[in-house]
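**Student:** Both chains are given apart, each in its own frame, so use the hints to dock them into the complex.
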Amino acid sequence: NAGVMQNPRHLVRRRGQEARLRCSPMKGHSHVYWYRQLPEEGLKFMVYLQKENIIDESGMPKERFSAEFPKEGPSILRIQQVVRGDSAAYFCASSPTGLSGANVLTFGAGSRLTVL
Amino acid sequence: DAKTTQPPSMDCAEGRAANLPCNHSTISGNEYVYWYRQIHSQGPQYIIHGLKNNETNEMASLIITEDRKSSTLILPHATLRDTAVYYCIARGNTGKLIFGQGTTLQVKP
Chain C
11 NAGVMQNPRH LVRRRGQEAR LRCSPMKGHS HVYWYRQLPE EGLKFMVYLQ KENIIDESGM
71 PKERFSAEFP KEGPSILRIQ QVVRGDSAAY FCASSPTGLS GANVLTFGAG SRLTVL
Chain E
6 DAKTTQPPSM DCAEGRAANL PCNHSTISGN EYVYWYRQIH SQGPQYIIHG LKNNETNEMA
66 SLIITEDRKS STLILPHATL RDTAVYYCIA RGNTGKLIFG QGTTLQVKP
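First to last, the protein sequences are chains C and E.
Sequential numbering from 11 applies to the first sequence in my numbering.
Sequential numbering from 6 applies to the second sequence in my numbering.
One chain only, chain E, in its complex shape (with noise of 0.2 Å):
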């Protein structure tokens, strides 16, 4: 599975939207973006994921660039409950997922 960069921190006001960069430039053409977050020392929990289009759902959405070699997390109004771990993701046909060190996102009020 290819490799993910993340920035290892960001902040992000209370009720703004928080932007989150991924870099995959190796990813391959049946890699999926995954996009998990851990709240303290909480069980991973799924946010999203993509394969070429971009992706929304209740919690986030996902943006990935036309060549798949990046992609960008968007939580519209972030509120300090999504201070947390978040981890980018490029899986394919193996099965598991490879954690990297994510970027940790302080919501400040």
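One chain only, chain C, in its complex shape (with noise of 0.2 Å):
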């Protein structure tokens, strides 16, 4: 059983320049979060997402950052015109089901960009 894939798990982009980290969930799980983890600091929740549909996305910055799962395909968390600031730890996870709390968020390795 695969776990939560994330890709890239490194990646260095240049300020102005456009992130996009993928999030594939485990096998059989409809949902995806995405957290940001800033250096020294502690998990941030940004956005939560089933398939074709943003549930929540009240972490999200207002600008530049989008997110999506679509039908098919992993999830796409997208930052466009990078800045040194969204350099960063940015993590994903997934559950069979969303608004129940008895289910359970696996949450993946991490990608981790920084902005030069």
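It is worth saying that the hints were derived from the structure and are not from the lab.
One or more hints might be untrue.
Heads up, incomplete: computed chain E residues facing chain C, CB under 10 Å, no partners named [stated by the list, open to error]:
1) Met15
2) Cys17
3) Gly48
4) Leu102
Computed spacing ranges between beta-carbons, pair by pair [claimed, not checked]:
5) Pro71/C with Glu63/E: 37 to 47 Å
6) Arg74/C with Asn59/E: 38 to 48 Å
7) Thr70/E with Gln91/C: 25 to 35 Å
8) Leu48/C with Ile44/E: 12 to 22 Å
Computed far set for chain E versus chain C, every beta-carbon distance over 10 Å [as the list claims (entries may be wrong)]:
9) Glu36
10) Thr84
11) Arg96
The model shown is predicted, which means the values in this text are computed figures rather than measured ones.
Glycine residues also receive a C-beta, built at the ideal position from the N, C-alpha and C atoms.
**Tutor:** Structure below.
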């Protein structure tokens, strides 16, 4: 059973470029969550998606960040025109269903973005 | 989801039980208590969760007080590899987990 797969594991971008981070949930999981962890800080919720739907984007920055989870393929977190402050670890989690508190979220190993 | 309060840091001797406390005095009836840990900068690792009853799995035990206002995570025989930040989270029907600052557990030889 493959876990939550994130790629790339490490990504380097120059200021102004775009970053795309991919997350393949565990088999049978249809809910995806993205978190960001800035250096020496805690994990911050960004967005929660179900297939083809954004359920909760209350933690997403208002500009430059977007997320999708299409019917087919992985979830994508897209950061346009990256700035140095976007340098962070981005973690994805998945769960089989969403809104019940009983459903365990399983996290991936993360994607580490460095903006030069 | 209810706010949780944890001590910022704790030490434990290798081989001894590590007891990590968590207060969640405003927890509501449908909110589960979850524990995750993060070892260095790896992805958070699920440990255990419970609603009302005490729970045990191969990693740990979770003791929830009868009024559900607090809980304790017990690692029965801590090893050096258990050194990590431990997060106690009250999770309801919003779906997401909200991480606080957690407790940094240092297991010492």
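**Student:** Does the Cβ pair arginine 74/C, asparagine 59/E satisfy 38 to 48 Å?
**Tutor:** Holds - the Cβ-Cβ distance for arginine 74/C and asparagine 59/E, about 46 Å, lies within 38 to 48 Å.
**Student:** Grab the minimum beta-carbon distance between arginine 96/E and chain C and tell me whether it stays above 10 Å.
**Tutor:** 5 Å, violated
**Student:** Decide, holds or violated, for the assertion that all CB atoms of chain C are farther than 10 Å from the CB of threonine 84/E.
**Tutor:** At roughly 21 Å from the nearest Cβ of chain C, threonine 84/E sits farther out than 10 Å, so the non-interface label holds.
**Student:** Go through the hint on methionine 15/E and say holds or violated, using the shortest Cβ distance to chain C against 10 Å.
**Tutor:** Since the shortest Cβ distance to chain C is 17 Å, the answer is violated.
**Student:** Glutamate 36/E: least C-beta distance to chain C exceeds 10 Å?
**Tutor:** 6 Å, violated
**Student:** Hint says 12 to 22 Å; check whether the CB-CB distance for leucine 48/C and isoleucine 44/E agrees.
**Tutor:** 18 Å, holds
**Student:** Is the hint on leucine 102/E kept, meaning its closest Cβ partner in chain C is under 10 Å away?
**Tutor:** Holds - the Cβ of leucine 102/E comes within 10 Å of chain C, reaching about 6 Å at its closest.
**Student:** Range hint 25 to 35 Å: satisfied by the CB atoms of threonine 70/E and glutamine 91/C?
**Tutor:** About 49 Å separates the Cβ atoms of threonine 70/E and glutamine 91/C, which means 25 to 35 Å is violated.
**Student:** Return holds or violated for the Cβ distance of proline 71/C and glutamate 63/E against the range 37 to 47 Å.
**Tutor:** Because 39 Å falls inside the window, the suggested range holds.
**Student:** Hold the hint about glycine 48/E up to the distance rule: shortest CB distance to chain C must be less than 10 Å.
**Tutor:** 4 Å, holds
**Student:** Can you verify the interface hint for cysteine 17/E: is its Cβ closer than 10 Å to any Cβ in chain C?
**Tutor:** 22 Å, violated
Hints 1, 2, 7, 9, 11 from the earlier list are contradicted by this structure; the remaining hints agree with it.
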